[in-house]
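Chemist: Listed here are the chains, written in short residue letters.
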Amino acid sequence: MPVDAGTVRRIAHLARIAVAEDEVEHLQAELNAMLAFVEQLSEVDVDGVEPMTSVTPMVLKRREDKVTDGGIADDIVRNAPAAENHFFLVPKVIE
Amino acid sequence: MSDLTSFTLADARDGLRRKSFSATELADAHLSAIERARQLNAYVLETSAQARAMASAADARLQAGDARPLEGLPLGIKDLFATRDVRTTACSHILDDFVPTYESSVTANLWRDGAVLLGKLNHDEFAMGSSNESSAFGPVISPWRRRGSNTPMVPGGSSGGSAAAVAARLCLGAVGTDTGGSIRQPAAFTGIVGMKPTYGRCSRWGIVAYASSLDQAGPFARTVRDAAILLTSMAGHDPKDSTSMDRPVPSYEAAIGNSIKGMKIGIPKEYRLDGMAGEIDRLWEQGADWLKAAGAEMVEVSLPHTKYALPAYYIVAPAEASSNLARYDGVRYGLRAPGRDIIEMYQRTRAEGFGPEVRRRIMIGTYMLSAGYYDAYYVRAQKVRTLIKQDFEDCFAKGINAILTPATPSAAFAIGEKGEGDPVEMYLNDVFTVTVNMAGLPGISVPGGLSGEGLPLGLQLIGRPFDEATLFSLAQVIEDAAGSFTPERWW
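Here the protein sequences line up with chains G and W, keeping their order.
Going by the working numbering, the first residue of the first sequence is number 19, and it counts up by one from there.
Going by the working numbering, the first residue of the second sequence is number 8, and it counts up by one from there.
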């Protein structure tokens, strides 16, 4: 069992997902089932193989370094759960 | 008017130009059909007012003899595509009141060419699923049933609403996305055509991201020709997606009817799974016979890393998803659940907003990317991906024009039948389709016949990069031989 209950809580914290204590056991079993499934990859010989970084061979396109968009603050905050004067509002971060 | 829904997209296009009916009549016929079919749960939003306005603008163009390629043709759009001023949810509670202020590039291309928006289509939450059961709007019910049974069946997923809507004649064509099989598997389950183009053929800009190195948009239609017409409009370079390819888009419709004589079709021996249903094997042989009869040559090929594609996918896709879905934090858009501080607000928002399958994939992806595990999981999976792609390249280098496989290892299953105890059981649905995403290749699913229980079965053709045209030519040969499959209306 690579993932124990403590690891489940740690992953949940890293992923910023609240997990109730009575969900841990169930999640632990599911995560371990997924890890067991992908375990087959350890039998593949990948010595000297480059990891894929680009799906189709292409050079990343570049464009002129100039502003092409902007002035749409209204649009940007339109869907915000809480906003004021074009600022997003969040609970207090610094005491 | 309901017979207007039984036209193919190509016939409707020609009928509109001949003025046999108007775009408004065509839109109205589909809106009524959608209303009568609400129990299928294919649409999560009906945009009737917008459909009528777009149809009326199309009628003006048609009257003026100024019709664009898709003028007046009513389509459904997977709710993963951002549509300006039209609610877009990714079928997740976390986005349930999100109204984009911009339009995805693929849908913008469709409207540029005159198409009409009927509504937004249901799918698995964030496109994570193979049965459309993980949607926050509830499952889509397939228009197909097993012979002599009332058991509700899944339409496949993740683009289940798109597939069900096209099969049930609730639109002339639809748009979906395919990350591991999410267009081709539901197309196969519902007896229609679904195409996943080459990675980079369609822009991903404005599509809610799941796994960015695998996601591609593609069309659903009732005929191969209709799918070709739709892709011609959807595809093309977009400066807003740096992975979209800057190369001309051919008229895919022109490939329909092209001879396939002398083409070499690969039959990969690794796709012959132990314990695969006999009817899938027979369908596969039948498909090969149809292509042979049209002059193609069948060649046995080997894709030795096939069995590692699905496990590698279940590393790459969750890892990329955990990163992409970090943006749903309750700050800029979507749901916010209150918390004592900002961390608790994030945690509660994401626990309440995401469904179980999405939470599971984010968590496993987070684990695989966490310190100490990145090389063992993500880097290894990307190396395996290089090997999978190499298998296909070796095959094409030997002169193979395309590869023929079954689309799915079985016909559709009933709602609630799979994946309850073990998520991996559901994942196995994508065993034949996922290799194509891992290698970034184009693939098409085309109906081949019915199962013993009377459910559709599909064949898959896999092509060389950016050679969608050859896939359309080959798929047309299969369609000509296999015929078309329509569910009997019970809704």
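Treat the hints as calculated values from the structure; they're not laboratory data.
The C-beta atom is built at its ideal place from N, Cα and C for all residues, glycine as well.
Among the hints, erroneous ones may be present.
[Unchecked claim] Coverage of chain G stretches by chain W, computed from C-beta distances (three or more under 8 Å per stretch; other residues unrestricted): (1) 20-29; (2) 41-51; (3) 55-62; (4) 74-82; (5) 97-104.
Chemist: Each hint: holds or not?
Modeler: Each hint tested on the structure:
Under a criterion of three residues with beta carbons nearer than 8 Å to beta carbons of chain W, the stated coverage of the segment 20-29 of chain G is upheld, 4 such residues being counted. Judged by the Cβ-Cβ criterion of 8 Å, the segment 41-51 of chain G is covered by chain W as claimed, because 4 of its residues qualify and three suffice. Interface restraint, the segment 55-62 of chain G with chain W: holds (7 residues with C-beta to C-beta distance below 8 Å; minimum three). Evaluation of the coverage hint for the segment 74-82 of chain G: fulfilled, as 5 residues show C-beta separations to chain W shorter than 8 Å, against a requirement of three.
Counting residues of the segment 97-104 of chain G whose CB falls under 8 Å from any CB of chain W gives 4; the rule of at least 3 is met.
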